[in-house]
Amino acid sequence: MPQMSSVPIAWRLQQPRYRLIGTICTKCNTSYFPPRSLCQTCRDKGKIEKHKFPGTGKILTYTVIRIAPEGFAEFAPYAIAIIELEPGVTVAGQVVGDPEQVKTGRKVKTTFRRMYTDGKDGLLQYGMKWELLDQ
Amino acid sequence: MRRVAIVGAGYTKFGECWDKSLRRLAQEAGMRALADAQVEGKDIEALFVGNMTAGRFIGQEHLSALAADRMGLTPIPSTRIEAACASGALAFRKALMAIQSGQHDIVVAGGVEKMTDVGGDSAVASLMGAADQEWESQIGLTFTGLYALITRAHMQQYGTTSEQLALVSVNNHKNGVHNPNAQYPFEITVEQVLKSPLIADPLRLLDCSPITDGAATVVLASEEAAKRFENPIWVIGSGQASDTIALHDRKSFTELQATIVSSRVAYKQAGIRPEQVDLVEVHDCFSINEIIAIEDLGFCKKGEGGKFVEAGKIARDGERPINTMGGLKSIGHPVGATGIRQLADLVTQLRGKAGKLQVNDAKIGLALNIGGSGATGVTHILANQNAL
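Protein chains in written order, with our numbering: chain S, 1 to 135; chain V, 1001 to 1388.
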């Protein structure tokens, strides 16, 4: 993501990106990841609090990126999946390791990795990827 | 609301136009549409221009003023509209509303994108501005990747096959052969599609629309003003809907709510059912999106889009001719221009001027323009005099 991110962006996103902390509306008990600060149902009547998600999930659909965008060529080919964290809460993420092993239904857990090298200063950005759990 | 007609349309040759700048493309399409309508610059009251990301592709913003300037239309009001790949249709919808409201009588809506001044990987990264920057772009997703996630989900849920996807590209290229403005006016085979390199599994190179330079323009007129034009094509339905910016935030990955909702609004306004549509322009940025559109627009049951294609129903002489002038796949996809190009092609068909590509007895046409992975959907329904 050349020139796209910066220290403040990484800093703002460190809780969800490093620790899988999302949000929950304690009024209607709907949880959100990536976090939302406005409940989609209760809107301003809702009560949003931090919510730590367990670091595991299940693959719902996946692809293998063979032609990578600027800044990601060093990782290609790499798998990206949509992962269900809990019923109704899903997020896209990179699955590390052999992309041929990635399959729908497989369980995954978070792993802390280098995501990309940012901008002309070469700032390293870290975050969460996913690794396959034994079947 | 006042009735509105399209009275002129035109678009440039689409392709890698290294010899033409964005301003030149916009001007060329504009002058073609004005010549087609036989209107003078002094007749035009307002301008709306669709463009996704000229700031990232060529470092130029403020396209509203630039377009008015290069077309010699200053000082009329000019507005740029951005909704990713749906920018064109949305610019048209705003032009339509400007006339419906009584504010203006003759308005120009255009779309333009200049994509090949940057390299391929940079263009791919720029296009990701249409997705969720924080949670999709920054994990290394691409647009092919997003639609690949949709494709896999559709295959898993409904048994859609790679061969069915390939037939979408084959059909669009078959039509594009006879479109003089198409970027890739040649036929391809199912075998070629299935042997083309994987870009993001299961999508292959020939499942993807290309990176393209181009511009398209239409001229709209109020019912009163349209009286002096020959063969006006009426806008009988317009709908627009939004969805979550990120694909992963949707309840279903196999349908686009923005298509379902925007088309239902447009059908209701037009007072027609899907069966009454004679020909369709859909947003085949990737082959899967044509199959999903066939289902979500109501031309078959959910999940049967692949079989619909396999049965040849989308052919020019089939049950529901789709992308009769080549679609995004063969004509090319200059993102901001596509929505206007679709409408221009419907106008040509509904006027009966499509030559070898003419659909017999075409009276009602529908165009669906999609932004991002389905976060914006814009549907328009057009009709000629014979339909009214």
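Since the hints were derived computationally from the structure, they do not count as laboratory data.
Quantities reported herein were computed from a predicted structural model and do not represent experimental measurements.
The beta carbon of each residue, even a glycine, is placed where N, CA and C say it ideally should be.
One should not assume that every hint holds.
Listed next, the stretches of chain V that the computed footprint assigns to chain S, with coverage defined by at least 3 CB atoms under 8 angstroms from CB atoms of chain S [to be verified]:
#: 1; region: 1082-1092
#: 2; region: 1188-1199
Residues of chain S placed beyond 12 angstroms of chain V at every Cβ, according to the derived structure [unchecked claim]:
#: 3; residue: 17
#: 4; residue: 99
#: 5; residue: 118
Keeping only pairs whose Cα atoms sit at most 16 angstroms apart, straight-line, the calculated EDC-like set for lysine to aspartate or glutamate is [what the hints assert, rightly or not]:
#: 6; chain 1: V; residue 1: 1251; chain 2: S; residue 2: 86
#: 7; chain 1: V; residue 1: 1301; chain 2: V; residue 2: 1319
#: 8; chain 1: V; residue 1: 1174; chain 2: V; residue 2: 1317
#: 9; chain 1: V; residue 1: 1251; chain 2: S; residue 2: 84
#: 10; chain 1: S; residue 1: 103; chain 2: S; residue 2: 134
#: 11; chain 1: S; residue 1: 107; chain 2: S; residue 2: 134
Do the hints match the structure? See the list:
no. : hint              : verdict
1   : 1082-1092         : violated (count 0)
2   : 1188-1199         : holds (count 3)
3   : 17                : violated (9 angstroms)
4   : 99                : violated (8 angstroms)
5   : 118               : violated (9 angstroms)
6   : 1251(V) - 86(S)   : holds (13 angstroms)
7   : 1301(V) - 1319(V) : holds (15 angstroms)
8   : 1174(V) - 1317(V) : holds (12 angstroms)
9   : 1251(V) - 84(S)   : holds (11 angstroms)
10  : 103(S) - 134(S)   : holds (12 angstroms)
11  : 107(S) - 134(S)   : holds (8 angstroms)
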